[in-house]
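Asks: Each chain is listed here by its residues.
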Amino acid sequence: MTEPLYQLTDLSKRYTRGKESITIFEKLTMTIPAGDFIAIMGPSGSGKTTLLNLLGGIDAPSSGEVVFEGKRIDNMSQGALAKWRAANVGFIFQFYNLMPTLTAAQNVELPLLLTKLGGKERKQRVRTALDIVGIADRAGHRPTQLSGGQQQRVAIARAIVADPEVLLCDEPTGDLDRATADEVLATLQLLNKELGKAIVMVTHDPSAAKYAQRELHLDKGRFVEKELVT
Amino acid sequence: MFKQTAAITAMNIRSIPQRLGMSLAAIVSIAFVVGVLLAFMAMANGFCATVSGTGAEDVAVMLRAGSQAELNSNMSRDEVLLVERGPGIAAGGNGAPVTSAELYVIVDGKKRGSGTDANLPLRGVGPEGPQMRAGFTMTEGRMFEPGAAELIVGEGVIREFSGFELGEEIRLGTNTWRVVGVFSTGGTVFDSEIWSEIGVLQNLYSRGSSVQSMRAQMTSPEAIEELQAYVENEPRLNLDVQSEKEFLASQAGGTVTLIKFLGWPLAVAMAIGALAGAWNTMYSSVDARTKEIATLRAIGFSGFAAFLGTMIESLALAILGGILGAVAAYLLFDGISASTLGGGFTQVVFSFAVTPASLIAAMILAIIVGFLAGFFPAMRAARVPLLAVHQD
Ligand SMILES: Nc1ncnc2c1ncn2[C@@H]1O[C@H](COP(=O)(O)OP(=O)(O)OP(=O)(O)O)[C@@H](O)[C@H]1O
Ligand SMILES: [Mg+2]
Numbered sequence: 001m002t003e004p005l006y007q008l009t010d011l012s013k014r015y016t017r018g019k020e021s022i023t024i025f026e027k028l029t030m031t032i033p034a035g036d037f038i039a040i041m042g043p044s045g046s047g048k049t050t051l052l053n054l055l056g057g058i059d060a061p062s063s064g065e066v067v068f069e070g071k072r073i074d075n076m077s078q079g080a081l082a083k084w085r086a087a088n089v090g091f092i093f094q095f096y097n098l099m100p101t102l103t104a105a106q107n108v109e110l111p112l113l114l115t116k117l118g119g120k121e122r123k124q125r126v127r128t129a130l131d132i133v134g135i136a137d138r139a140g141h142r143p144t145q146l147s148g149g150q151q152q153r154v155a156i157a158r159a160i161v162a163d164p165e166v167l168l169c170d171e172p173t174g175d176l177d178r179a180t181a182d183e184v185l186a187t188l189q190l191l192n193k194e195l196g197k198a199i200v201m202v203t204h205d206p207s208a209a210k211y212a213q214r215e216l217h218l219d220k221g222r223f224v225e226k227e228l229v230t
Numbered sequence: 001m002f003k004q005t006a007a008i009t010a011m012n013i014r015s016i017p018q019r020l021g022m023s024l025a026a027i028v029s030i031a032f033v034v035g036v037l038l039a040f041m042a043m044a045n046g047f048c049a050t051v052s053g054t055g056a057e058d059v060a061v062m063l064r065a066g067s068q069a070e071l072n073s074n075m076s077r078d079e080v081l082l083v084e085r086g087p088g089i090a091a092g093g094n095g096a097p098v099t100s101a102e103l104y105v106i107v108d109g110k111k112r113g114s115g116t117d118a119n120l121p122l123r124g125v126g127p128e129g130p131q132m133r134a135g136f137t138m139t140e141g142r143m144f145e146p147g148a149a150e151l152i153v154g155e156g157v158i159r160e161f162s163g164f165e166l167g168e169e170i171r172l173g174t175n176t177w178r179v180v181g182v183f184s185t186g187g188t189v190f191d192s193e194i195w196s197e198i199g200v201l202q203n204l205y206s207r208g209s210s211v212q213s214m215r216a217q218m219t220s221p222e223a224i225e226e227l228q229a230y231v232e233n234e235p236r237l238n239l240d241v242q243s244e245k246e247f248l249a250s251q252a253g254g255t256v257t258l259i260k261f262l263g264w265p266l267a268v269a270m271a272i273g274a275l276a277g278a279w280n281t282m283y284s285s286v287d288a289r290t291k292e293i294a295t296l297r298a299i300g301f302s303g304f305a306a307f308l309g310t311m312i313e314s315l316a317l318a319i320l321g322g323i324l325g326a327v328a329a330y331l332l333f334d335g336i337s338a339s340t341l342g343g344g345f346t347q348v349v350f351s352f353a354v355t356p357a358s359l360i361a362a363m364i365l366a367i368i369v370g371f372l373a374g375f376f377p378a379m380r381a382a383r384v385p386l387l388a389v390h391q392d
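Here the protein sequences line up with chains A and B, keeping their order. Numbered per this note's numbering, the first sequence spans residues 1 to 230. Numbered per this note's numbering, the second sequence spans residues 1 to 392.
Bound conformation, chain A alone (with noise of 0.2 Å):
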């Protein structure tokens, strides 16, 4: 049997504030393999964000482990959690987290700038990105000069370029409308069938989450899962 992506293992997470203490999720387990689509969905403030964070080391669970390819993230130090990030992760957030004052060809060259890579191929490679998302014509342009849409698309270009294992969004379509989603969805699961990325999607859409191989229902810190009919 091959190694699974993730092993998430009795999973807990608690927030305390003050006295008082949340628990978002209680001994949670599940296994993500290699090259898996998966859409969470779930209620408002059922963690879905939560599970996310932890997925991506940027955000540490209360007790339980979190093993990505056979090496446990969660008691990582912040630094080495950074260049695991780097690595192995592209995240794609509902709002696109550009940076306001680059164009979109510098916001992709950010995660290469962490690589060895020169300046050269490093162009190669925000190049590339940009047309696998298909809006290599829009380099120049500052976020602003962008539709939502458009933005989107720089982000998940952003998140590829340096062709990590997974990609982590959260509602990636969650603020632009319903022809504009379809592009974008289907340039994830682009990514998924062809790249072989393996993408974990937060998404209160039922229709956003067709695109993916299967979804999980989040409720009160349990999985409900269901294996979509292909």
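Fair warning: there could be bad hints in the mix.
Stated by the list, open to error - Here chain B is said to cover these stretches of chain A; the calculated rule only asks that three of the stretch's residues, wherever they fall, bring their Cβ under 8 Å from a Cβ of chain B:
#1 48 to 62
#2 71 to 83
#3 96 to 109
Simulated from the structure, these hints should not be mistaken for laboratory data. For glycine and all other residues, C-beta sits at the position ideal for the given N, C-alpha and C.
Put chain B with the ligands on the given structure of chain A with help from the hints.
Replies: Positioned in the frame of chain A, the structure of chain B with the ligands alone reads:
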């Protein structure tokens, strides 16, 4: 690390226009700090150069022991004659020792700009007196005639005071004088003086044959020690003997200290104000970009790069302010003429001098302000919570 820091710094700096007002305020306040500090230092430097920079090492100045300034000193004719018999004094063409017994009185002058009264020194000099000042030249008119109520006036006096133009008659106290010449000593303290023949001054001011100070041209700088020994061993002489250079340096010292004493605390007080402004600007800079910084950190940028980016932005603002202040100070103050109280309660005309050393000191102050203003905001930048990526 370098690429990360460069990218973050470039982003920070490019986003300055979004905080233009605050950033400009920080730059300008730092410019003010640097400008004020440089103005005071230029004043101190210029004064110091004028008063002490040009004294001769082979001219001995003699004053009554302990009197410190010429105004407080007094010497009798007998003492002058005794000194002239001392060793090490150069001989003139006629074989007589080259000395100048001098009288020094205070007269009123009117400042050109403000029209206010200020004290000016009127010095009676012996025949050898002028030549004993290195660089002495008559720039206009002629030397006073012995026995006549005639004045020659230093260039600095002409520049800063009215009523001393060539050919003018001028009333000083109860006496009427005529200005017959203008002299220069190349920007030394003597350019702020008015000279007459000693005999005339003694007469008009009823000083009999007494003088206040005496200068002697020595054969070499070392010869001053011989003269000092001679004066010390001569019970009838109770004088301080020093080189003109030492004498002028001691005269300038107090004023220079005073100027610096006023300048630094003022600059430091202003620097604290500027620090508060720059600090606030930098906190705003970090707060405005919290989500951006968190996003970069999520991508894998290090906290240290975020720290450096903010620090460099702060230093850049400070250095920009520093340069602005330095350029302004240089354009406004360097070389301008001013006059201030000299050691003897008279006006000394001097030029402000913005020197490289003071520029460096002022830039260091600006950089310190930039560093302090940037440090805690930069720490905040380094510690931006990663979960801030979800802010909207
Ligand atoms: N830093 C925090 N401190 C305290 N409670 C938090 C914190 N972050 C999240 N929570 C709480 O954890 C719960 C889960 O939050 P999370 O953002 O993961 O929900 P979500 O499923 O993504 O919701 P939504 O669909 O609205 O985005 C919520 O009740 C939220 O209030
Ligand atoms: Mg959420």
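Asks: Each hint should be assessed against the structure and marked as holding or not.
Replies: Comparing the hints with the structure gives:
Residues of the stretch 48 to 62 of chain A lying with their CB closer than 8 Å to a CB of chain B number 5, which satisfies the three-residue condition for coverage. Residue count for the stretch 71 to 83 of chain A with a Cβ under 8 Å from a Cβ of chain B: 4. That meets the three needed, and the coverage hint holds. A count of 5 residues in the stretch 96 to 109 of chain A with a Cβ less than 8 Å from any Cβ of chain B is obtained; the coverage claim is therefore met, three being the minimum.
Of the numbered hints listed earlier, not one is contradicted by the structure.
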